[in-house]
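The hints should help you fit chain B onto chain A, whose structure is shown.
Here the protein sequences line up with chains A and B, keeping their order.
Anchor point for the first sequence: position 91 equals 91 in the numbering used here, and the numbering is continuous, going up by one each time.
Anchor point for the second sequence: position 48 equals 48 in the numbering used here, and the numbering is continuous, going up by one each time.
Calculated from the structure, these hints are not laboratory results.
Cβ atoms here follow ideal geometry from the backbone N, Cα and C, with glycine treated the same way.
Careful: at least some of the hints might be erroneous.
Partial list, derived from the structure: chain A residues whose beta carbon lies under 8 Å from chain B [as the list claims (entries may be wrong)]:
{"no.": "1", "residue": "Val18"}
{"no.": "2", "residue": "Ile35"}
{"no.": "3", "residue": "Ala61"}
{"no.": "4", "residue": "Gly62"}
{"no.": "5", "residue": "Val66"}
{"no.": "6", "residue": "Tyr83"}
{"no.": "7", "residue": "Ala91"}
{"no.": "8", "residue": "Val101"}
{"no.": "9", "residue": "Ile152"}
Now the stretches of chain A that chain B is said to cover, found in silico as 3 or more residues with beta-carbon under 8 Å [claimed, not checked]:
{"no.": "10", "stretch": "4–14"}
{"no.": "11", "stretch": "23–34"}
{"no.": "12", "stretch": "38–50"}
{"no.": "13", "stretch": "67–76"}
{"no.": "14", "stretch": "133–140"}
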Amino acid sequence: MALAFFFYFSGVIVLTSVLVVALRNPIYSAISLLIMFFHVAGLYVTLHAEFLAAVQIIVYAGAILVLYLFVVMLLNVKREERYHAQFPLAALLGVTILTEVLMLAILRGFSSEPLPTLGGAGQADQATGNTETIGEVLYSTYLFPFEVASLILLVAMIGAIVLAKKDIGLASRNQ
Amino acid sequence: MIPLSAYVAVSAVLFATGLIGVLIRRNFIIVLMSVEIMLNAANINLVAFSHYLESMAGQIVALFVIAIAAGEAAVGLAIIIVVFRGRLSTNVDELNLLKW
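Chain A with its partners taken away, still in its complex shape (with noise of 0.2 Å):
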């Protein structure tokens, strides 16, 4: 059962990776983000990590792409014709990367012997649940990488009003 779940959800995944990549009409690439983004939430359900599951949807489906469909839309892009000169070169790249990473993972990981296992830091136990754990976690070992990361949404933040903001410069001279 659990086989098949991931089969269907690494199925769809690569699926609509590819078409989001390969459709002309970003509105199209677009939703077929928006169905990855999903898919790879379920493929977290699959590994146990409920609260990365809903994160991933909150803040990916909900957040990054409405606003990369809000900018698709202001901008009203047209199709666009052709891919890029370089097609052979980076498809060249690409596969080459791809079956090199893939024979590693074949050549070492199907051996059946068990990982070890680095436990440590929030052991993710049965009594507590994955959001409690991560809680514990992020906000004792890694409470300086968590308010790190603030400050760059805060950066990030006022970066994007500042460069979106119309005539910032004008709008103060001439008062």
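Structure of chain B alone, referenced to chain A:
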């Protein structure tokens, strides 16, 4: 029981797709979407290893990756809007303003 390498394989396919998308598409918005695909590939890898190594660290880092992706999308789309306002094009080939 699904082997770890199955998740790594899905992540590799996703990353290669995103890489090809960055390289072959001429639309700036699609290029940013391909970057999001690559970040998702990294996230799948992190969460899979976090599950199989029984450590919470991977999920925390994946959470930070999502936060960075949100910031990147905001700034990237702001840049697209500024460029589009001046030149009426989102084609990456024509964005050579800083080329010396």
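Cross-check of the supplied hints:
Because the closest C-beta pair between A:Val18 and chain B is about 6 Å apart, less than 8 Å, the hint holds. A least Cβ separation of about 12 Å between A:Ile35 and chain B goes past the 8 Å threshold, and the interface hint is therefore violated. Residue-level restraint check for A:Ala61 is violated (minimum Cβ-Cβ distance to chain B is 11 Å; threshold 8 Å). Look at A:Gly62: its Cβ only gets to about 11 Å from chain B, farther than 8 Å, so that hint breaks.
Interface hint at A:Val66: violated, since its Cβ lies 10 Å from the closest Cβ of chain B, which is beyond the 8 Å cut-off. Interface hint at A:Tyr83: satisfied, since its Cβ lies 5 Å from the closest Cβ of chain B, which is below the 8 Å cut-off. With a least beta-carbon distance of about 6 Å to chain B, the hint placing A:Ala91 at the interface is held under the 8 Å criterion. For A:Val101, the interface hint holds, the least distance from its beta-carbon to any beta-carbon of chain B being 4 Å, beneath 8 Å.
At about 6 Å, the closest approach between the beta carbon of A:Ile152 and any beta carbon in chain B falls short of 8 Å, and the interface hint on this residue holds. Evaluation of the coverage hint for the stretch 4–14 of chain A: fulfilled, as 4 residues show C-beta separations to chain B shorter than 8 Å, against a requirement of three. Here the stretch 23–34 of chain A counts 4 residues with a CB under 8 Å from a CB of chain B, which clears the bar of 3, and the coverage holds. A stretch counts as covered by a chain when three or more of its residues have a beta carbon under 8 Å from one of that chain; for the stretch 38–50 of chain A and chain B the count is 7, and the coverage holds.
Residue count for the stretch 67–76 of chain A with a Cβ under 8 Å from a Cβ of chain B: 6. That meets the three needed, and the coverage hint holds. Counting residues of the stretch 133–140 of chain A whose CB lies closer than 8 Å to any CB of chain B gives 4, so the stated coverage by that chain holds, three being the minimum.
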